[in-house]
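Those sequence lines, one after another, are chains A and B. Our numbering applies: residue 1 is where the first sequence begins, and numbers increase by one. Our numbering applies: residue 1 is where the second sequence begins, and numbers increase by one.
For the record, the hints were derived by calculation from the structure and aren't laboratory data. Be a bit skeptical, because a hint or two may be false.
Said to hold, decoys possible - Which chain B residues face chain A? A few, computed with CB under 10 angstroms, are given here: (1) GLU11; (2) LEU21; (3) SER23; (4) LEU36; (5) HIS37; (6) PRO39; (7) ASP42; (8) THR48; (9) PHE65; (10) ALA77; (11) GLU78; (12) THR120; (13) SER145; (14) VAL150; (15) VAL152; (16) GLY172.
As the list claims (entries may be wrong) - Label pairs and their in silico Cβ distance ranges: (17) B:ASP38 <-> A:GLY202: 19 to 25 angstroms; (18) B:SER23 <-> A:SER182: 18 to 24 angstroms; (19) B:GLU11 <-> A:ARG32: 41 to 47 angstroms; (20) B:GLU9 <-> A:ARG42: 42 to 48 angstroms; (21) A:ARG199 <-> B:ALA147: 43 to 49 angstroms; (22) B:LEU71 <-> A:ARG153: 49 to 55 angstroms; (23) B:ILE12 <-> A:ASP33: 36 to 42 angstroms; (24) B:GLU75 <-> A:ARG114: 33 to 39 angstroms; (25) A:HIS142 <-> B:ALA149: 53 to 59 angstroms; (26) B:VAL57 <-> A:ASP200: 35 to 41 angstroms; (27) A:ARG79 <-> B:LEU71: 32 to 38 angstroms; (28) B:VAL150 <-> A:GLY113: 26 to 32 angstroms; (29) A:ARG79 <-> B:ALA74: 19 to 25 angstroms.
To be verified - Anything over 12 angstroms on all C-beta distances counts as not near chain A; from chain B, calculated: (30) SER47; (31) ALA117; (32) ALA169; (33) SER178.
Heads up, the beta-carbon is just placed ideally off N, CA and C, and yes, glycines get one too.
Spelled out, the chains give:
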Amino acid sequence: MARPVFRKVKAEEEHRLVHLDRDRSLVEAALRDPAAFDALYRKYLAQVYSYAYYELGNHHDAEDAAERTFLLALGALGRFDERARPADGEGASTFKVWLFRIARNVVANIRRGRRRSPSAPLEVAAGVADPLDIEGDVSARHEAGAAWAAVGRLPAERRRALVLRFVEEMSTAEIAGVLGRSEGAVRVLIHRGLRAVARDLGGRRW
Amino acid sequence: MTLDARNDEPEIEALRVDRYLESILLARDRGSLAALHDPRLDVGLRSTAERLSAQLVRVHPSFRFEERLALRLAEAAEAMRLPAAVGASSSLPTPISPAFGSRNAPGFGQSQVDDPAMLTDDEDEAAFHARPLLIGGALTSAAISLAGAVLVAWRLSRPAQPMARAIRAAHGRARHESGLA
């Protein structure tokens, strides 16, 4: 289980930092030779792309966001500061959280730039419906579209928290690192977001 | 129930929801449907969580896009390797051209380019920051209108001074005479 990664560290604790990032070897390789960044890119492309897709609602913008995110990450890799500690557990990846912070900024930047309501419900719904399920296709799209539309209507931080939790399957601690909030605040964001979506969908069973 | 317990209730429920989500996401990973059963959790919340877990699935980019971006990153990596090879710079340069919208993109200040992981205002916060400007503008315009109304009222209510009346009369006569001439 990943633990918080971007927390404040007291000065006297600095010398006791132990690097446990599960991506540490990949990051070190990329720092020695930028061409080795390809491994990190292949590992996280689908996650970053998917996050951007749910946030922006169409493939074109998601591709744009993924491209900017990885190019920025490659350029700034020298400034990546690993903060994992023994208490953070074995699966912690400060790199993943750092990458998603970049993605969050890039996506927010694109959303600010276009200043229009996202076309998310339709295209996202089309993307998540199973293409082989002919009979269930229409209703699946309709259900997924309604669910995503409800999530899309949430305030930005709640929406992001739900997407990171459900789509990216991030832990509360990782989401806290990405959003720059405490774990408690993230739990409340998710709880309120979920309640708002439940209200929006009428609490119907499906 | 004590006051403290009531105050903590939302956080306790948020913790329950968190545990429940953990269990359904774990069940999804294992390909099973069995999730934690917590009768204290609201039925509507449970069904919504299950629905989102089933329907918000990861979306993959096209193979073509993946390879195109991989090539672009490889080119950028090569460009970064060259200056390092000749000892031009010990730190990695940013391989982003303005076409990618980093340095010149609206909303990306120099600090974000230096540290792209530094959190920026999100769209809600940006709207919130814009609000005082709008409110300030409206208040200023209202204040100007009010000041104008007060001035007119003051002028109307103030009795004319004899000297001022004489000056206005003299000016009026001069204009009249020059008009006649």
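Hints and how they fare:
1. GLU11: 7 angstroms, holds
2. LEU21: Holds, because the Cβ-Cβ distance from LEU21 (chain B) to chain A comes to roughly 6 angstroms (cut-off 10 angstroms).
3. SER23: Violated - the Cβ of SER23 (chain B) stays beyond 10 angstroms from chain A, reaching only about 13 angstroms at its closest.
4. LEU36: 15 angstroms, violated
5. HIS37: 16 angstroms, violated
6. PRO39: 17 angstroms, violated
7. ASP42: 8 angstroms, holds
8. THR48: Holds. Min distance 4 angstroms.
9. PHE65: 5 angstroms, holds
10. ALA77: With a closest approach of 4 angstroms, the ALA77 (chain B) hint holds.
11. GLU78: 7 angstroms, holds
12. THR120: 5 angstroms, holds
13. SER145: Not OK, violated: SER145 (chain B) not within 10 angstroms of chain A, min 31 angstroms.
14. VAL150: 39 angstroms, violated
15. VAL152: Violated: closest Cβ of chain A sits about 41 angstroms from VAL152 (chain B), beyond 10 angstroms.
16. GLY172: Cβ of GLY172 (chain B) sits 58 angstroms from chain A, so the hint is violated.
17. B:ASP38 <-> A:GLY202: 19 to 25 angstroms: 22 angstroms, holds
18. B:SER23 <-> A:SER182: 18 to 24 angstroms: Holds - the Cβ-Cβ distance for SER23 (chain B) and SER182 (chain A), about 22 angstroms, lies within 18 to 24 angstroms.
19. B:GLU11 <-> A:ARG32: 41 to 47 angstroms: Taking Cβ atoms as reference, GLU11 (chain B) and ARG32 (chain A) lie about 45 angstroms apart, which means the hint holds.
20. B:GLU9 <-> A:ARG42: 42 to 48 angstroms: 45 angstroms, holds
21. A:ARG199 <-> B:ALA147: 43 to 49 angstroms: About 47 angstroms separates the Cβ atoms of ARG199 (chain A) and ALA147 (chain B), which means 43 to 49 angstroms holds.
22. B:LEU71 <-> A:ARG153: 49 to 55 angstroms: Since the Cβ atoms of LEU71 (chain B) and ARG153 (chain A) sit about 38 angstroms apart, the hinted range of 49 to 55 angstroms is violated.
23. B:ILE12 <-> A:ASP33: 36 to 42 angstroms: Since the Cβ atoms of ILE12 (chain B) and ASP33 (chain A) sit about 50 angstroms apart, the hinted range of 36 to 42 angstroms is violated.
24. B:GLU75 <-> A:ARG114: 33 to 39 angstroms: 28 angstroms, violated
25. A:HIS142 <-> B:ALA149: 53 to 59 angstroms: Check passed, 57 angstroms falls within 53 to 59 angstroms.
26. B:VAL57 <-> A:ASP200: 35 to 41 angstroms: Cβ of VAL57 (chain B) to Cβ of ASP200 (chain A): about 20 angstroms, so the range 35 to 41 angstroms is violated.
27. A:ARG79 <-> B:LEU71: 32 to 38 angstroms: 25 angstroms, violated
28. B:VAL150 <-> A:GLY113: 26 to 32 angstroms: 44 angstroms, violated
29. A:ARG79 <-> B:ALA74: 19 to 25 angstroms: 21 angstroms, holds
30. SER47: 5 angstroms, violated
31. ALA117: 4 angstroms, violated
32. ALA169: 61 angstroms, holds
33. SER178: 60 angstroms, holds
Figure legend: structure checked against the earlier numbered hints; hints not met, in rising order: 3, 4, 5, 6, 13, 14, 15, 16, 22, 23, 24, 26, 27, 28, 30, 31.
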